[in-house]
Every structure is written in C-alpha cells, then in structure tokens.
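Novice: Under my numbering, think of the first position of the sequence shown as 15, with each following residue one higher.
Any given hint could turn out to be false.
[Said to hold, decoys possible] Label-pair restraints from in silico Cβ distances:
id : residue 1 : residue 2 : range
1  : Arg82     : Glu137    : 14 to 24 angstroms
2  : Met138    : Gly39     : 29 to 39 angstroms
3  : Ser63     : Lys92     : 15 to 25 angstroms
4  : Asn30     : Ser100    : 30 to 40 angstroms
5  : Arg139    : Ala42     : 31 to 41 angstroms
6  : Met141    : Arg82     : 32 to 42 angstroms
7  : Ser115    : Glu35     : 34 to 44 angstroms
[As the list claims (entries may be wrong)] Result set (BS3-like, lysine-lysine): computed pairs, CA atoms no more than 30 angstroms apart in a straight line:
id : residue 1 : residue 2
8  : Lys92     : Lys45
9  : Lys92     : Lys127
10 : Lys118    : Lys143
11 : Lys96     : Lys57
12 : Lys127    : Lys143
13 : Lys57     : Lys122
14 : Lys127    : Lys45
15 : Lys70     : Lys130
16 : Lys92     : Lys122
17 : Lys127    : Lys70
18 : Lys122    : Lys96
19 : Lys57     : Lys70
20 : Lys70     : Lys122
21 : Lys70     : Lys103
22 : Lys45     : Lys122
23 : Lys103    : Lys127
24 : Lys143    : Lys103
25 : Lys92     : Lys118
26 : Lys70     : Lys118
27 : Lys118    : Lys130
28 : Lys96     : Lys45
29 : Lys45     : Lys57
30 : Lys127    : Lys57
31 : Lys143    : Lys70
32 : Lys130    : Lys103
33 : Lys127    : Lys96
34 : Lys57     : Lys143
35 : Lys45     : Lys143
Hints are computed from structural coordinates only; laboratory data are not their basis.
This one's a predicted model, so the numbers in the text were calculated from it and none came from an experiment.
For glycine and all other residues, C-beta sits at the position ideal for the given N, C-alpha and C.
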Amino acid sequence: MKARARRMAHPARDINSYLRELPPGQRAALKDLRRTIRSAAPKAEEGISYGIPVFKYHGPLVFFAAFRDHCSLFAVGKSILKTFDSQFKPFRSSGTTIHFSPEKPLPKTLVRKIVKARLRENEMRAMSKLK
Numbered sequence: 015m016k017a018r019a020r021r022m023a024h025p026a027r028d029i030n031s032y033l034r035e036l037p038p039g040q041r042a043a044l045k046d047l048r049r050t051i052r053s054a055a056p057k058a059e060e061g062i063s064y065g066i067p068v069f070k071y072h073g074p075l076v077f078f079a080a081f082r083d084h085c086s087l088f089a090v091g092k093s094i095l096k097t098f099d100s101q102f103k104p105f106r107s108s109g110t111t112i113h114f115s116p117e118k119p120l121p122k123t124l125v126r127k128i129v130k131a132r133l134r135e136n137e138m139r140a141m142s143k144l145k
C-alpha cells in the first residue's frame, strides 16, 4: 500500500469510527461499499487492521480505505483481480487494489463477485488445513 490511508484524528477502533472521520462523499461511498460487502458475506466479521476497515472470514476477505484523492478496495489475492480484470477496466488498479472515487463507485455486482470469490478461496484454504 504505497499511498497512505487518510490520517484520522484518532485511531479508529471500529468501522463506524473510521467512517465518522471521513469527508461526506467518501463516507457515503464507503458506507455503501460496506453494505454491499456485508450482503455478500453476512457471516464475515468486521474490524480494523493496519488502521483500515477489514472483513474477515477464515482470514481476511477484503479491506477498504479512503485516501486523499481516491478510495480503495483491497481484494487481497492477485488471482481475484485477474479473474475480474475485464470488469474493472474503467478503474485504476495496483497490485491487489482497485481504486475508485465517490463520484464513480465500484459496481455493486462486481464487489459481490469479488467478495464471494474471496469467501470461496478462504473456505477452501480452511478446509485444506483440516485435512
């Protein structure tokens, strides 16, 4: 993560406190993203890791964050970005991160697909550890 996440007046203890510190446009965009992630992964736990919001289910699923000039969804695995590469051509990506703006948010259907693919990856990894 080369760009620095927006500095908070106080370190966030949870996603709600993280969102409260953001400007209105970014707050609204990330609240909407949070709802979309939650609908795709209702059993996932929310938290803060590395100072930014994370959803976890058998390990990290996705992270998101606000930066000075954009917002990001961190999809964790490069294979996920390769799988959905053609669907986020209008957005900038770097490593395992997709950049977007409040004015041009990620499509909900794409976010759901990414989260569900991450759920499958994490479940497969968890099952292989049991063998």
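Novice: Would the pair Lys96 and Lys45 pass a check requiring their Cα atoms to be no farther apart than 30 angstroms?
Specialist: 26 angstroms, holds
Novice: Please verify whether Lys70 and Lys130 have alpha carbons no more than 30 angstroms apart.
Specialist: OK: Lys70 and Lys130 at ~12 angstroms, within 30 angstroms.
Novice: Need the status of pair Lys118, Lys143: alpha-carbon distance at most 30 angstroms?
Specialist: Answer violated: Lys118 to Lys143 is near 39 angstroms, above 30 angstroms.
Novice: For the pair we were handed, Lys92 and Lys127, check the Cα-Cα distance against 30 angstroms.
Specialist: 15 angstroms, holds
Novice: Checking one constraint from the list: CA of Lys127 to CA of Lys70, max 30 angstroms. Satisfied?
Specialist: Holds, because 16 angstroms separates the two Cα atoms, which is no more than 30 angstroms.
Novice: For the pair Met138 and Gly39, does the Cβ-Cβ distance stay inside 29 to 39 angstroms?
Specialist: Once the Cβ atoms are compared, 37 angstroms apart, the range 29 to 39 angstroms for Gly39 and Met138 holds.
Novice: Within a Cα-Cα threshold of 30 angstroms, do Lys92 and Lys118 meet the stated pairing?
Specialist: 23 angstroms, holds
Novice: Honestly, do Met141 and Arg82 meet the 32 to 42 angstroms range at C-beta?
Specialist: 41 angstroms, holds
Novice: For Lys127 and Lys45, compute the direct alpha-carbon distance and say whether it is at most 30 angstroms.
Specialist: 18 angstroms, holds
Novice: Are Lys70 and Lys103 close enough, with their CA atoms no more than 30 angstroms apart?
Specialist: Since the Cα atoms of Lys70 and Lys103 sit roughly 27 angstroms apart, the hinted pair holds (cutoff 30 angstroms).
Novice: Given the proposed pairing of Lys45 with Lys143, does the C-alpha separation stay at or below 30 angstroms?
Specialist: Violated: Lys45 and Lys143 sit about 34 angstroms apart, past 30 angstroms.
Novice: Keeping to a limit of 30 angstroms between CA atoms, is the pair of Lys143 and Lys103 held or broken?
Specialist: This hinted pair is violated, its Cα atoms lying about 35 angstroms apart.
When held up to the earlier numbered hints, the structure conflicts with 1, 7, 10, 24, 35 and fits the remainder.
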